[in-house]
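Make the full structure from the sequences, and use the hints.
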Amino acid sequence: MTRVEFERQLEVIQEDMLVLATMVHGAIERSMEALRRPDVELARQVIADDAKINRKRYETEEKCLELVATQQPLAGDLRTIFAVLHIVVDLERMGDHAEGIAKIAVLLADAPPLKPYIDIPRMAQLCQSMLMSSLEAFKDRDAARAVAICDQDDEVDALNDQVYRELLVYMLGNPQTIERATYLTWVAHNLERIADRVTNICERVVYLVEGKIGELNVSKY
Amino acid sequence: MTETKLPVQPPEVRVAAPGAALARAPAERREPAAGRAIIDPPEPAVFALDGLNLWYGHKHALAGVTMNYPVNRVTALIGPSGCGKSTLLRCLNRMNDLIPGVRVSGTIQYHGANIYDRQVDPVEVRRRIGMVFQKPNPFPKSIYDNVAFGARVNGFRGRMDDLVEGCLRQAALWDEVKDDLRKSGLALSGGQQQRLCIARALAVQPDVILMDEPCSALDPIATLKIEDLIRELVKDFTIVIVTHNMQQAARVSDYTAFMLLAHEGGPGELIEYGLTNELFTNPRDHRTEDYITGRFG
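Protein chains in written order, with the numbering used here: chain A, 86 to 306; chain B, 5 to 301.
One thing to keep in mind: the hints can contain errors.
Claimed, not checked - Short, incomplete list of chain B residues facing chain A, as computed with Cβ under 10 angstroms: (1) R132; (2) H248; (3) Q251; (4) A254; (5) D258; (6) L265; (7) H267; (8) G270; (9) L283; (10) F284; (11) T292; (12) E293; (13) I296; (14) T297; (15) G298.
Claimed, not checked - Each pair of labels, with its calculated beta carbon distance range: (16) Q247/A to Q251/B: 42 to 48 angstroms; (17) E96/A to K63/B: 39 to 45 angstroms; (18) P84/B to E300/A: 36 to 42 angstroms; (19) V153/A to D232/B: 18 to 24 angstroms; (20) R226/A to S85/B: 27 to 33 angstroms.
What the hints assert, rightly or not - Far from chain A, by Cβ distances over 10 angstroms, these chain B residues were calculated: (21) E47; (22) G159; (23) G194; (24) D223; (25) P287.
Treat the hints as calculated values from the structure; they're not laboratory data. Yeah, the Cβ is synthetic: ideal placement off N, Cα and C, and Gly gets one too.
As structure tokens, this is what we get:
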């Protein structure tokens, strides 16, 4: 006995999840680009495209629910579906953070640049690399790799703290920079939250492989 | 020959630590193929099976089954057709004795007494360990007499009306039949007949109820009623259920045992045993995973 159709549908939801991840990865990339150039058109495009990300999440969720309702999945199949269900929610929220960065790019577009962007793009690169690695760990069912990715979240947190301190110095030195600096702390915060959501994905990979649900990266606060 | 009495209550409650089954190594015992996936419930046990083998003539049907069944819990036996789950169930109240050519080795301790001891009366075993079958099989008698029959045979001396009402209430049938207890049991619906059979089993005051696919002949609504009833009954009884319906095993049982043929034409073996929610979400043995996810064979 095999379940050809069920297996195909299981593949479909995992592929949908990877497509969604690619869309989110692109949104982070383009929102950062819009901030750096600055490019209002590009930023507005990212904001508009967030609806597509949301739609993809709901479509995938519906497929997952359909599978649960009609196929009574168990064991590894059940864990796969629930992992996908959780991960698409995290991905969609990452999309919202990318949209948040794009909105700030619009707000900052007409203002003179406060400083060259160094640490913020580094944070974004780390987030993107963590995101893609976490999905490779999902595809390869590699729990050890998922755990290792979470260590990078500490690097993102450290960069966020650094950016915050640096911007605070600007604000203390010249109150006219407060508005721009505050916007940039929001950008860093959005990236920091994206990295946190990658750790959620890693937790789901461990659950998928080992059947254990638990927090991988406990807050230092 | 003096008859060995079965203890009413366990003289000493036996608590098996997880993995205890693996530590025991009696001479006759054959190690299960996937011993690491068999975890005895860490709870007081009604039955303790050790190295149970069964043959129908030359046909080896069960091999080296070692497991405990905990008190006041539902234990489900699952596995493909012909893997020996009904045979195992019938071993627990010596129903297999009625089949010519059956031979059993190993032990089944019931509250510490070996039910296959020569001096044990199998009729007493079956009174303590009742059974409900796949197809409802009420006697062609009134509802009242169906319930009262076993008690009368056993010389029940209390108030029969109270016993009948109590058993029908426990079987969640009283409200549906109380106005016409003289009606034939055969006039009830399939689901009601099955609950009547459960009430009949309860009337001889058993300790354990064995259920051999009790819902396979019932519609989904009647099935859910029986499943609700099982969860009620387990407060007072220990229940072992054989089912082909994995969703049912997942819904009603606390522990699940997965059985499989050792090889084609070979005997049935216990492959995995543990908490139901763990077995259905994260099985330890890949054969369990293959079976419950429908990739078996």
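For each hint given before, does the structure comply? Return the numbers of the non-compliant ones in rising order.
1, 2, 5, 6, 7, 8, 16 and 25
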